[in-house]
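Letter by letter, the chains look like this.
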Amino acid sequence: MTTYREALRAGLRDALEHDERTFLMGEDVGRYGGCFAVSLGLLEEFGPDRVRDTPLSESAFVGAGIGAALGGMRPIVEIMTVNFSLLALDQILNNAATLLHMSGGQLNVPLVIRMTTGAGRQLAAQHSHSLEGWYAHIPGLRIVAPATMEDARGMLWTAVQDPDPVLLFEHGTLYNVSGELAPDAGAVDIDHAVIRRPGTDVTLIAYGGTLRTALDAAGELADSGVDAEVLDLRTLRPLDEPAILDSIARTHRLVVVDEGWRSGSLSAEIAARVAEKALYELDAPIERVCTAEVPIPYAQQLEHAALPQQADVVAAARRAVG
Amino acid sequence: MSRRQAAQNARAKHRTELLRQMIRIRRFEERCVELYSAARIRGFMHLYIGEEAVAAGILQAVGAGDAVVSTYREHGHALARGLPMDAVLAEMYGRTTGCSRGRGGSMHLFDASRRFYGGNAIVGGGLPVAVGLALADAMRGRPQVTVCLFGDGAVAEGEFHECLNLAALWRLPVLFCCENNLYAMGTRLDRAQAEVDLAVRAASYGMQARAVDGMDVLAVAEAADQAVEKIRTEPRPQFLELRTYRFRAHSMYDPDRYRDKSEIERWKEADPIPRLKHRMTEDGELTGRRAAAIEADVDREINAAIEAAEAGPLEPVEDLTRFVYSERP
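Line by line, the protein sequences are chains A and B. Take the first sequence: its letters are residues 4 to 325, numbered as in the numbering used here. Take the second sequence: its letters are residues 41 to 369, numbered as in the numbering used here.
Derived by calculation from the structure, the hints in this document are not laboratory data. Given the structure is predicted, the values throughout are model-derived calculations rather than measurements. The beta-carbon is built from N, C-alpha and C at its ideal position, and this holds for glycine as well. Hints are supplied without guarantee of correctness; some may be wrong.
Claimed, not checked - Simulated coverage check for chain A against chain B, where a stretch passes if three residues somewhere in it have a Cβ under 8 Å from a Cβ of chain B: (1) 59-73; (2) 275-288.
Said to hold, decoys possible - Cβ-Cβ distance ranges computed for the label pairs, FRET-style: (3) B:243 / A:56: 20 to 26 Å; (4) A:75 / B:293: 36 to 42 Å; (5) B:82 / A:75: 31 to 37 Å; (6) A:282 / B:122: 52 to 58 Å; (7) B:243 / A:244: 51 to 57 Å; (8) A:244 / B:358: 47 to 53 Å; (9) A:183 / B:180: 37 to 43 Å; (10) A:279 / B:293: 36 to 42 Å; (11) A:192 / B:272: 30 to 36 Å.
What the hints assert, rightly or not - Some chain B residues flagged as far from chain A (calculated, every beta-carbon gap over 10 Å): (12) 52; (13) 53; (14) 274; (15) 327.
Working from the sequences, and respecting the hints, build out all of it.
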């Protein structure tokens, strides 16, 4: 058994061992061992040059990652949470995502940015949001969200090899989750969605932190005779549209589970694409289970009420199957 | 030839090159105004007229392996860095032959082969990139310097403080060059900054910092040479504040209502081009004939660039979404 955190660390170790151009930088990634202990022990293993503690200067160290990537390195930048990444949004959008196009194809930015996303730990409104949908809006970025041990272990290496910026979102509730990981687990693709549970009656689309919710809901639905398919998006940009449409063509019903806010969200994008390309495949209106449109509150019952829960997904699926 | 005479000749040659570069930038910008008025160039355009001594003096101090990060007022930086004038002008025409294939325009000139990293139109946005370029050089053990040019407006941005600190903390080979032209668009320095001595502020981050007369190309070149030399021998950032002035408005859209005409006229008395000419003439390094020959050469170069830009092909619309992601085999 291994934890999601350990799987991520194994991926980091792999990258640092196998490509001397890689280095990890961010707040407290070294001596502290990482805010969520993902990089614990890597400073001792690889030294302060390659596991680099930074000041609390998100814009500077994310931009430095961009510059180092232009200079031939393969930086991996850690930002503590997606809320903090807003301090570096200028660098991510106006430089990382834009330089290749704006320079007429001359300057690609092979940079990986890892950050924690999501709620569920009573960390309140400035440490809990799910803003990956915002980043998925931006051309030039690739957005991935590992939800399983295999993906936590294997997405990083593929991301490091990518010639363009990749943002990797780790849901905060997953770090302590444990599961089986094959000893020879390694790189995985970051292009395709994967069916985590095949089914015939309704498609539940989820990613990252909501995959477990969707799978649990599917289990509950199975008890009452509803056979739900669970599709893990894995990559939020570019969306694996064929995988989504294939699943709809089989089940004819769709529930999108997204921890982002509903308005202008990734779930909205998926719903729109299905409406554009597979409207006549649908036997029921598209259902969305999203976070309530409030800043995430601290109190446990309020936070719980704000987030997509298994019961919400089950209820939405039942409405869809009628 | 005596040693003394050889040194004199070298000095004359160096000064002639600085003069030629400044005239090249000045005349180029003047023609850009005409081309803008004729709607051959569109978008935002920020002219460098008055500030030529900075580009010419700073960029002569670095070599082909060094990196340069610039701003949106970068025509002069690009030309002094050695980007072909054809490619710079074609970019402003939006042609495929432009140095950014028509996707950047006046504010986003790039040339990877000359390590010219643009062309950043977010004030302060280039500083983190410069720090990263220097970090890559430092980590790979390459003896290179990154020149980071920005204006006085950038000093008000958080990136200025984050980046000076980070570069000093990590002892990175960055030459921070603040082109202080006294105005952040229309806001005069003392209306935006509590401490207007910018070198003092840079020094507070633990790096050597000095202010230089940015209207004197010889002073700029000397300061830049010394700073680059220092960085190469002992990798640590250095800061130069180049005190300069733009003779034209902020951009082609700017009615220039925020400063007195008399102030502009006063600064024009310090115009770096006549100033160097006068010095060289006094030192017997420049004749009227030689000056006229430089002007004629520059004129020919600009005419050829205009001709090439006019004839340059447009990027096909089918290629609109090329270069959003790298092309893969």
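Hints the structure violates: just list their numbers, smallest first. 2, 8, 11
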